[in-house]
Amino acid sequence: AQSVTQLGSHVSVSEGALVLLRCNYSSSVPPYLFWYVQYPNQGLQLLLKYTSAATLVKGINGFEAEFKKSETSFHLTKPSAHMSDAAEYFCAVSRNTGGFKTIFGAGTRLFVKA
Amino acid sequence: DAGVTQSPTHLIKTRGQQVTLRCSPKSGHDTVSWYQQALGQGPQFIFQYYEEEERQRGNFPDRFSGHQFPNYSSELNVNALLLGDSALYLCASSTRDRVRNEQFFGPGTRLTVL
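For the protein sequence lines, the chains are A and B, in the order given. Sequential numbering of the first sequence, starting at 1, is according to the working numbering. Sequential numbering of the second sequence, starting at 1, is according to the working numbering.
Do not rely on the hints blindly, as some may be mistaken.
[What the hints assert, rightly or not] A few chain B residues facing chain A, derived, Cβ under 10 Å:
| no. | residue |
| --- | --- |
| 1 | V4 |
| 2 | Q6 |
| 3 | S27 |
| 4 | F64 |
| 5 | S65 |
| 6 | C91 |
| 7 | E102 |
| 8 | P107 |
| 9 | G108 |
[To be verified] Examples of chain B residues toward chain A, derived with CB under 8 Å:
| no. | residue |
| --- | --- |
| 10 | N59 |
| 11 | P61 |
| 12 | F105 |
| 13 | G106 |
[Claimed, not checked] Quick list of simulated restraints, FRET-style, between CB atoms:
| no. | chain 1 | residue 1 | chain 2 | residue 2 | range |
| --- | --- | --- | --- | --- | --- |
| 14 | A | T55 | B | D62 | 40 to 48 Å |
| 15 | B | A2 | A | P40 | 15 to 23 Å |
| 16 | A | S28 | B | P70 | 29 to 37 Å |
| 17 | B | G16 | A | K58 | 48 to 56 Å |
| 18 | A | T51 | B | G16 | 40 to 48 Å |
| 19 | A | N41 | B | A2 | 14 to 22 Å |
| 20 | B | A2 | A | E66 | 33 to 41 Å |
| 21 | B | Q18 | A | M83 | 37 to 45 Å |
| 22 | B | Q17 | A | S28 | 38 to 46 Å |
| 23 | B | Q18 | A | T55 | 44 to 52 Å |
| 24 | B | N71 | A | A54 | 18 to 26 Å |
| 25 | B | T14 | A | E71 | 26 to 34 Å |
| 26 | A | T77 | B | Q56 | 29 to 37 Å |
| 27 | B | A80 | A | A54 | 46 to 54 Å |
Keep in mind the hints are simulated off the structure, nothing from the lab. Cβ coordinates follow ideal geometry from the N, Cα and C atoms, glycine included.
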């Protein structure tokens, strides 16, 4: 079985500050891990994905995430927040990158203050 | 490339009615997955279609059914609607290509059950 826990339903940062969104996973098989972003009234957009090739994964819009097997974590970071980063972020786990069902966390709403 | 498209955008139904939602996958994709996203929650996997057959199913009752057509487009049907079925329904398409596959999400259909 697979599951995802996102710590913190809401995170608020100032513009230019570090963004850190936390995600822990559980998986009985080697996981594929994802971060998605959802803007209001829109679908999900893939930010980045871990497929076992490298533990530090770089994504779009300056985001990156590090896979830590010992901590079963896949936290999302961005060095400097921008107002346009304000959105809902979802961590997700699957058995592959597209052909198997994806299990999502409950989401973290990111607020960026001017 | 239009990406994943869904129709209608919004839908209002009353309890007990039936609804059909439609999804056209991204060009080149042959697999369609459906997700339900209740307000304030992460998406939950409903089922996945490949080669016109349901291949995987999440924890949803038989009131939720689907279909995939030869052109890979898909429908989600929900019978005997309940108030709790109010949600954003997301369609995602992908391929079975394990090298390049990735799920792409549509903008969703917002279903309101009164």
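So, going through the hints one by one against the coordinates:
no. : hint                      : in the structure
1   : V4                        : holds, 8 Å
2   : Q6                        : holds, 8 Å
3   : S27                       : violated, 15 Å
4   : F64                       : violated, 14 Å
5   : S65                       : violated, 17 Å
6   : C91                       : holds, 9 Å
7   : E102                      : holds, 5 Å
8   : P107                      : holds, 5 Å
9   : G108                      : holds, 5 Å
10  : N59                       : violated, 11 Å
11  : P61                       : violated, 17 Å
12  : F105                      : holds, 4 Å
13  : G106                      : holds, 5 Å
14  : A/T55 x B/D62: 40 to 48 Å : holds, 42 Å
15  : B/A2 x A/P40: 15 to 23 Å  : holds, 22 Å
16  : A/S28 x B/P70: 29 to 37 Å : holds, 36 Å
17  : B/G16 x A/K58: 48 to 56 Å : holds, 49 Å
18  : A/T51 x B/G16: 40 to 48 Å : holds, 45 Å
19  : A/N41 x B/A2: 14 to 22 Å  : holds, 18 Å
20  : B/A2 x A/E66: 33 to 41 Å  : holds, 35 Å
21  : B/Q18 x A/M83: 37 to 45 Å : holds, 43 Å
22  : B/Q17 x A/S28: 38 to 46 Å : holds, 40 Å
23  : B/Q18 x A/T55: 44 to 52 Å : holds, 48 Å
24  : B/N71 x A/A54: 18 to 26 Å : violated, 37 Å
25  : B/T14 x A/E71: 26 to 34 Å : violated, 48 Å
26  : A/T77 x B/Q56: 29 to 37 Å : holds, 32 Å
27  : B/A80 x A/A54: 46 to 54 Å : holds, 48 Å
Of the numbered hints given earlier, the model fails hints 3, 4, 5, 10, 11, 24, 25; all others are met.
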